[in-house]
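Novice: As a plain string of letters, each chain reads:
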Amino acid sequence: MLSLKNAYDEMLLPDGSHREHYRRYGAWLQSQAADRLARRRAEADSLFHRVGITFAVYGEDEGTERLIPFDVVPRILAPDEWQYLEAGLRQRVRALNAFIADVYHGQDILRAGVVPAELILCNAQYRPEMQGIDVPGGIYAHIAGIDVVRGDDGQFHVLEDNLRVPSGVSYMLENRKMMMRLFPELFARHSVAPVEHYPDVLLENLRSVAPVGVADPTVALLTPGAHNSAYFEHAFLAQQMGIELVEGQDLFVRDDAAYMRTTRGPRRVDVIYRRIDDDFLDPLAFRPDSMLGVPGLLSVYRSGRVTIANAIGTGIADDKSIYPYVPEMIRFYLGEPPLLANVPTYILRRPEDLAYTLAHLAELVVKEVHGAGGYGMLIGPMASRAELEEFRQRILAHPDGYVAQPTLALSTCPTFTEAGLAPRHIDLRPYVLSGREITIVPGGLTRVALRAGSLVVNSSQGGGTKDTWVLER
Amino acid sequence: MLSRTADHLFWMSRQIERAESLARILDAHYRHTLLPHTADVVARDWRATLGSLGVLDAYLARYDEFSPATAYQFIAFDRDHGGSIVSSLWQARENARAVRGTITSEMWETLNSTWLEIRSYEPDTSDGAIGDFLEWVRYRSHLSRGVTLGTMLRDEAFRFTRIGTFLEGADGTARMLLARARRGFAPADDPAGPDAYVWTLLLRSLSAFEVYRKVYRDAVTPWRVTELLVLRDDLPRSLHRCTNEVYTNLCAIANDQSAETERRAGELHGAFRFGRLEQLLAPGLTDFLELFLERVRDLGGRIAHDFLVPATGF
Numbered sequence: 001m002l003s004l005k006n007a008y009d010e011m012l013l014p015d016g017s018h019r020e021h022y023r024r025y026g027a028w029l030q031s032q033a034a035d036r037l038a039r040r041r042a043e044a045d046s047l048f049h050r051v052g053i054t055f056a057v058y059g060e061d062e063g064t065e066r067l068i069p070f071d072v073v074p075r076i077l078a079p080d081e082w083q084y085l086e087a088g089l090r091q092r093v094r095a096l097n098a099f100i101a102d103v104y105h106g107q108d109i110l111r112a113g114v115v116p117a118e119l120i121l122c123n124a125q126y127r128p129e130m131q132g133i134d135v136p137g138g139i140y141a142h143i144a145g146i147d148v149v150r151g152d153d154g155q156f157h158v159l160e161d162n163l164r165v166p167s168g169v170s171y172m173l174e175n176r177k178m179m180m181r182l183f184p185e186l187f188a189r190h191s192v193a194p195v196e197h198y199p200d201v202l203l204e205n206l207r208s209v210a211p212v213g214v215a216d217p218t219v220a221l222l223t224p225g226a227h228n229s230a231y232f233e234h235a236f237l238a239q240q241m242g243i244e245l246v247e248g249q250d251l252f253v254r255d256d257a258a259y260m261r262t263t264r265g266p267r268r269v270d271v272i273y274r275r276i277d278d279d280f281l282d283p284l285a286f287r288p289d290s291m292l293g294v295p296g297l298l299s300v301y302r303s304g305r306v307t308i309a310n311a312i313g314t315g316i317a318d319d320k321s322i323y324p325y326v327p328e329m330i331r332f333y334l335g336e337p338p339l340l341a342n343v344p345t346y347i348l349r350r351p352e353d354l355a356y357t358l359a360h361l362a363e364l365v366v367k368e369v370h371g372a373g374g375y376g377m378l379i380g381p382m383a384s385r386a387e388l389e390e391f392r393q394r395i396l397a398h399p400d401g402y403v404a405q406p407t408l409a410l411s412t413c414p415t416f417t418e419a420g421l422a423p424r425h426i427d428l429r430p431y432v433l434s435g436r437e438i439t440i441v442p443g444g445l446t447r448v449a450l451r452a453g454s455l456v457v458n459s460s461q462g463g464g465t466k467d468t469w470v471l472e473r
Numbered sequence: 001m002l003s004r005t006a007d008h009l010f011w012m013s014r015q016i017e018r019a020e021s022l023a024r025i026l027d028a029h030y031r032h033t034l035l036p037h038t039a040d041v042v043a044r045d046w047r048a049t050l051g052s053l054g055v056l057d058a059y060l061a062r063y064d065e066f067s068p069a070t071a072y073q074f075i076a077f078d079r080d081h082g083g084s085i086v087s088s089l090w091q092a093r094e095n096a097r098a099v100r101g102t103i104t105s106e107m108w109e110t111l112n113s114t115w116l117e118i119r120s121y122e123p124d125t126s127d128g129a130i131g132d133f134l135e136w137v138r139y140r141s142h143l144s145r146g147v148t149l150g151t152m153l154r155d156e157a158f159r160f161t162r163i164g165t166f167l168e169g170a171d172g173t174a175r176m177l178l179a180r181a182r183r184g185f186a187p188a189d190d191p192a193g194p195d196a197y198v199w200t201l202l203l204r205s206l207s208a209f210e211v212y213r214k215v216y217r218d219a220v221t222p223w224r225v226t227e228l229l230v231l232r233d234d235l236p237r238s239l240h241r242c243t244n245e246v247y248t249n250l251c252a253i254a255n256d257q258s259a260e261t262e263r264r265a266g267e268l269h270g271a272f273r274f275g276r277l278e279q280l281l282a283p284g285l286t287d288f289l290e291l292f293l294e295r296v297r298d299l300g301g302r303i304a305h306d307f308l309v310p311a312t313g314f
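Residue numbers (this note's numbering), protein chains in the order written: chain A, 1 to 473; chain B, 1 to 314.
Chain A on its own, in the form it takes in the complex (with noise of 0.2 Å):
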């Protein structure tokens, strides 16, 4: 399997000994029983199934939920590395938001040179229906999942941006809540910064950006219903926040504002979270047969007078295309160095990256600039030879669709396993809020690559979760 023995452990020195802010932690683990940890997982398991914390798996029969396995070692933070990273995503999504709105007015990136004009004006994410609108506070990416790996020399690197409708939030707050059901004890001897507040914080966050003149905002959840699998999360979020949880159907427009239907007719909205694709917004400007959407949206919208978060036309900012550019685009708005690295990047539509890429293609990670979730990758140490030969072939068919990275040693954590505890490779999906000011909550969900050797954490390829501790001392 791909360097395991390379990886950076979050927990354990070379030597074997703890990590100082791991110390506290391990002795305790090694006074447990042996069978504790197995008695707690299986309870965690019932719980989540009773809850109903699952996602629909699509295409199977009525009533098919799984869990996303959640393991009960946390990943832990000491205070020094959470300041800095920190640090370092407040600027990178102060950069991307004035790109995005730089993309949508002015475009000075373009001219200076600093960005090509065609990746933009080309680019499927691009939408020129934003061109010249104005959102409240200048704000676009009002909720961003940043995601951050450690490499296998220690430093955090910013593997993905994603602007659009990040998920994965509620499993941060649901399991902080296990965790402190399963093992009450480790809170009381640890001071684990908290992240129960993200409902609060989120819900003011969005108000803070209603369309000017609104003194008392509605905001309202938009899922694309019951049968979606982060379904649960959409539910989940508007419980905590208060608000309404409105499907397409719920939704119109008239006389230039949205309406909710309720029981006691329409009442006007604000603030429109969506969890839905631009595509599917708005079925008279984007896709036809949306059913997902409410007609008429983007006309309210680009008049003012209702604000959605996040904005459409963030996907500008996160495609994989973009991407390499962000250290730039943090030069260029803020004039600052940039705090956290991006994972070095070949550019395939350059001649001298394409050369190089196909002569190390075995060593490397190809990713379709479009691609999300996982798929459309080619990892190659692990690829076949048949399997390198026919991503060889796409790339050389539409070298502009890809970009290609060193394969990273993620690091890895303990993880419990049927064999005991083991490293598993983890990434990590910070939330940063963004409106009349940055917040983001300590800490993050970590997800973990359950197969050894793995490097793939998303829920759909057999990744799981775990706890995140930002720790306050």
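The set of hints was computed from the structure by calculation and includes no laboratory data.
Please read these numbers as outputs of a predicted model, since none were measured by experiment.
The reader is advised that the hints may include incorrect statements.
[Unchecked claim] What the simulated footprint calls covered on chain A by chain B, stretch by stretch (three residues with Cβ under 8 Å from a Cβ of chain B suffice, anywhere in the stretch; the number is not a length): (1) 42–52; (2) 237–249; (3) 260–266.
[As the list claims (entries may be wrong)] From chain A, some residues computed to sit far from chain B (all C-beta separations above 10 Å): (4) Asp9; (5) Arg36; (6) Gly106; (7) Glu387.
Ideal placement from N, C-alpha and C gives every residue a C-beta, glycine not left out.
Guided by the hints, dock chain B onto chain A, whose structure is given.
Specialist: Chain B in isolation, oriented as in the chain A frame:
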């Protein structure tokens, strides 16, 4: 609140109540079959039970004989039959899932656990097993009702939940009486008649036997049983009580277009509040019950129209 949310709440509580009513109707049937019967009587009784549920044709489309195995399977366990107990509990759970952000987490967990348990239940239509199953359904319904009353805010959402419960409760009690009426039992006031025992069974299926004793302190007669189930305002599942609750809750959520619905609910309640049993039963018990069921259907449709699926622009 959202019309769609109100719709899910209304149907969630109706389906829970329906599962309970079905369990009670089957229980009444089951108790009855424990008496010695000829094959003719078995078929007649199943016809009456399936007919009172309004599913006789659907049953005959699938089966050509009346055996306990097929009839219990059809009413209790058949997932392809939308009116079965299992289907009702599944629909209740799906409606709850659609509004899990509106109901309390305890309510959701109760309905979800009910579904998880029934999903892994091996259908068994033998005598002892079916009795246990019906009792389990009743207890899960008690639990759902308790968790609703014990945890839910007394707001509009609660009102819609209650309207669903009592509209369906009225429907269920009427159908239980109808099953008796269709077997040819009339509420003639004859305490010594051969059918008296059948009416005792009915009271037991409705958890109303002890109540009857407490209220009447006398022998069980068909007339008094009917009076208890129709006219007593203090019996939880009587037609009077259920229509009273529907009317009261409806008044609390009235909107600009619901006046006529309110009036009809009040009229239905008023018939029990001020009516006399002789007068109500003048057209015969069967006709009275069939007309009542028609009124309940009409109210359900009107509530849907006024609150649950308003036209665009309302």
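Novice: Does each hint fit the structure? Answer for all of them.
Specialist: How the hints compare with the structure:
1. 42–52: The restraint on the region 42–52 of chain A holds, since 4 of its residues have a Cβ under 8 Å from chain B and three suffice.
2. 237–249: holds (count 7)
3. 260–266: Held - the region 260–266 of chain A has 7 residues with a Cβ nearer than 8 Å to chain B, which meets the minimum of three.
4. Asp9: holds, 38 Å
5. Arg36: holds, 25 Å
6. Gly106: Given a closest Cβ separation of 40 Å, the condition holds.
7. Glu387: Nearest chain B Cβ is 39 Å from Glu387(A), so the label holds.
In this structure, none of the earlier numbered hints is contradicted; all agree with it.
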